[in-house]
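Trainee: Next come the chains, spelled out residue by residue.
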Amino acid sequence: DAKTTQPTSMDCAEGRAANLPCNHSTISGNEYVYWYRQIHSQGPQYIIHGLKNNETNEMASLIITEDRKSSTLILPHATLRDTAVYYCIVRVYGNNRLAFGKGNQVVVIP
Amino acid sequence: NAGVTQTPKFQVLKTGQSMTLQCAQDMNHNSMYWYRQDPGMGLRLIYYSASEGTTDKGEVPNGYNVSRLNKREFSLRLESAAPSQTSVYFCASSQGENTGELFFGEGSRLTVL
Chain A
1 DAKTTQPTSM DCAEGRAANL PCNHSTISGN EYVYWYRQIH SQGPQYIIHG LKNNETNEMA
61 SLIITEDRKS STLILPHATL RDTAVYYCIV RVYGNNRLAF GKGNQVVVIP
Chain U
1 NAGVTQTPKF QVLKTGQSMT LQCAQDMNHN SMYWYRQDPG MGLRLIYYSA SEGTTDKGEV
61 PNGYNVSRLN KREFSLRLES AAPSQTSVYF CASSQGENTG ELFFGEGSRL TVL
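Protein sequences, first through last, are from chains A and U. This note's numbering numbers the first residue of the first sequence as 1 and each following residue consecutively. This note's numbering numbers the first residue of the second sequence as 1 and each following residue consecutively.
Treat the hints with care, since some could be wrong.
Using 30 Å as the maximum straight-line C-alpha spacing, the simulated BS3-like pairs for lysine-lysine come out as follows [stated by the list, open to error]:
no.: 1; chain 1: A; residue 1: Lys3; chain 2: U; residue 2: Lys14
no.: 2; chain 1: U; residue 1: Lys71; chain 2: U; residue 2: Lys9
no.: 3; chain 1: A; residue 1: Lys3; chain 2: A; residue 2: Lys52
no.: 4; chain 1: A; residue 1: Lys69; chain 2: U; residue 2: Lys9
no.: 5; chain 1: U; residue 1: Lys57; chain 2: U; residue 2: Lys14
no.: 6; chain 1: U; residue 1: Lys14; chain 2: A; residue 2: Lys69
no.: 7; chain 1: U; residue 1: Lys57; chain 2: U; residue 2: Lys9
no.: 8; chain 1: A; residue 1: Lys69; chain 2: A; residue 2: Lys52
no.: 9; chain 1: A; residue 1: Lys3; chain 2: A; residue 2: Lys102
no.: 10; chain 1: U; residue 1: Lys57; chain 2: A; residue 2: Lys3
no.: 11; chain 1: U; residue 1: Lys71; chain 2: U; residue 2: Lys57
no.: 12; chain 1: A; residue 1: Lys69; chain 2: A; residue 2: Lys3
Hints in this document: simulated from the structure, not taken from any laboratory.
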């Protein structure tokens, strides 16, 4: 699976949109982009995934560039409860051996 | 719904002792997974079971054994615990291997002295 690169940490203002970047420059055509988050000491939680098109659900939006080499997870109105480690993962369809890197520690500041 | 339930939540072992971590899911999922997470690190896959009756090694299987007891339950056994196995262990399940949406338990914190 393609490797991903994320910032080690970032701060976001409460009530503002939080834009979390991820680079996956070696992604293949059959690989999806998945996002998970892990709130302190809890098990990771699935957020969203996409292949080529932008995706939106009740938690977040996922914007994938046209060349698919990078993506951005958008939390539309960040709250303090969004403070977590966010993982960007590239996954081949049919392979659930997900590789969680160190992720991006996001802190939402009041 | 309970989702994915892990027991015990905390355990302290001495080097050389054995123990089994239990995991059960009530979502009728086909696939189950065991991960470990060390401080400041991401999760690493130990073993997984794509379906009832099958198990496969993940990234870090040494020192562990697993049993897919039935569709609901997937246990992880440490036969002779070592301090390097001190970690937080997470069990997860998914509908199958065609979906990347995994549901995780709350974790089991294991300390080996």
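Trainee: Among all the numbered hints in the text so far, which are the ones the structure does not match?
Mentor: Structure breaks hints 1, 4, 6.
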